[in-house]
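> Residues per chain, in single letters:
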Amino acid sequence: MELNQIYTQILTEHNNSKRNKHHIENPTATLKGVNPSCGDEIELELREKNGVIEDAGFTGVGCAISQASASIMIDLIKGKSTDEALKLAQTFFGMVKNEITDEKRLEVLDEAIALKDISHMPARVKCAVLGWHTLENAIKGEKDPE
Amino acid sequence: MNPWAEDFPILKETINGKRLVYLDNAATTQKPVPVLKAVDDYYRKANANPHRGLYALSVEATQKYEDARRTVKKFIGARKDEEVLFTRNASESLNLVAYSYGLTFLKEGDEIALPVSEHHSNLVPWQMVAQAKGAKLVYLYPDAQGRLTDAEIGAKITAKTKIVALAHVSNVLGSIYPVKKIVEKAHSVGAVVVLDCAQSIPHYPVNVTELGCDFMAFSGHKMLAPMGIGVLYGKEELLNRMPPFLRGGEMIEYVHEQSATFAPLPQKFEAGTQNVGGAIGLDAAIHYLRNVGYDRIQKTENELLNYTLDGLAEIPHVTVYGGTDNRANRCGVISFNVEGVHPHDVATVLDAAGVAIRAGHHCAQPLMEYLCVHSTCRASLYFYNTKDDIDVFLAALRKVRGWLGLGA
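Residue numbers (my numbering), protein chains in the order written: chain A, 1 to 146; chain B, 1 to 408.
Worth double-checking, as some hints may not be accurate.
Listed below are the simulated BS3-like cross-link pairs for lysine-lysine, each with C-alpha atoms no more than 25 Å apart in a straight line [claimed, not checked]: (1) B:Lys399 / A:Lys18; (2) A:Lys104 / A:Lys143; (3) B:Lys37 / B:Lys73; (4) A:Lys116 / B:Lys73.
Which residues of chain A face chain B? A partial, calculated answer using Cβ under 10 Å [what the hints assert, rightly or not]: (5) Glu13; (6) Asn16; (7) Asn20; (8) Val34; (9) Cys127.
In short, the hints are calculated from the structure, not lab data.
Only a predicted model underlies this, so the values are computations on that prediction, with no experimental measurement involved.
Ideal placement from N, C-alpha and C gives every residue a C-beta, glycine not left out.
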């Protein structure tokens, strides 16, 4: 595993950018996602109208992989229907678990393809999927525990 | 050349094509050949269920297991064999005290005093006791240099205190706490002291009789022995008053349909078939440590600690936590952060250079909260490390920010 396959320009730019890392106006869904083993947590905010994700943002703390992955995800899901977003999440999970390797099928993930090689780093897969799992749970209506 | 490194086969392994630089010794240590051989010999030549069989092999297994107990007794300065209980690890030892002593003897309104730096293993069990019995946890807070001051000890250990739980050495800050002083204060108010030596006994001699602690726990795997063997020392008088923790085979005297009476110490606290191979490995580890000698362990580690702290001070954007002024009062556990970089990314970059460090909350989340950090990186030393190891570590650390697209 070479570091330049992980810490790519796409990843470090997203990690260092605050473009998607902020609260949004009038979110319709807000959900925390936590990695208990490392203590990392993000909070995802979505604004959905007629089944379409109008806006999304996240806050929280985590490693470059979790932060960049969440940021890339937000770029991808804005303007998409919630069904499309859920399908993207499944494709992403398939990619990082090395279950989907067909490049044609992965095309929809666009910049998120930069995280493909995470599949060779089992210890970091949970970082890459934190944002996507939180998205999946938020769309399915899960709420933060009281 | 480090004279001991040769005894550790794993140190010749390569990681990501690089020589392994193992700096996660506070998590677990590597095992020298004499320990590996002792365990291997046991399973090849002497394996049987101890304390049960009436045949020669079982008698031999029993003998070796009890020999290991005597080795531990001498090693920690206990008065009697019966005061040494084998467990899986320090966590199990501490849980044994919490369940058996804590739940039996604590009452509503009693207080349990403990430093905020405690490992979850000497903290979460006491939360359980406090919740079950209506007792209260009272925290001692270390100062900026990682010390527990006399004022803090005096203010938090009071007539209400029934248990003082603390680690001899913090697994995050490396601070060595003034155990003797704390034991004196605790005993003056009638409290018992539960001492976690998981981080100290690999590096410093621990004598339970001199320290005066009531219970003391440690793990074998952090001091060269295999995983899955640990020790609980307890004063005989206290252990005798406590109910069994786990019940079942080999810990009983008589069992009737509706009731049972229990075996005397130490069997009362050793239900089920024990980890004889692990105990034998621990015996061999203690002999190995004796041969190296605590004086040489400390000399080697202090040199490496100073070398590492000096090196870290020269790297921009690195913050070291805990005492850096009073280096005599800390051991080779160094927690740090690289500005703008999450500890997991630091660990990944170092891993690519073959360097193993820990990153995260180190099972000490209340301390992380107190330090106002989310998590840290931690490099921890042992006597088989070398200046060359530290050079590789520091060189890789200098490159971390570059990999994350930040200025050096």
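> Indicate, hint by hint, whether the structure satisfies it.
Tested hints:
1. B:Lys399 / A:Lys18: OK: Lys399 of chain B and Lys18 of chain A at ~23 Å, within 25 Å.
2. A:Lys104 / A:Lys143: violated (35 Å)
3. B:Lys37 / B:Lys73: Judged against 25 Å, a Cα distance of about 23 Å means the pair holds.
4. A:Lys116 / B:Lys73: Violated: Lys116 of chain A and Lys73 of chain B sit about 54 Å apart, past 25 Å.
5. Glu13: holds (7 Å)
6. Asn16: holds (6 Å)
7. Asn20: It is violated, given that the least Cβ distance between Asn20 of chain A and chain B is near 17 Å, above 10 Å.
8. Val34: violated (12 Å)
9. Cys127: OK, holds: Cys127 of chain A within 10 Å of chain B, min 7 Å.
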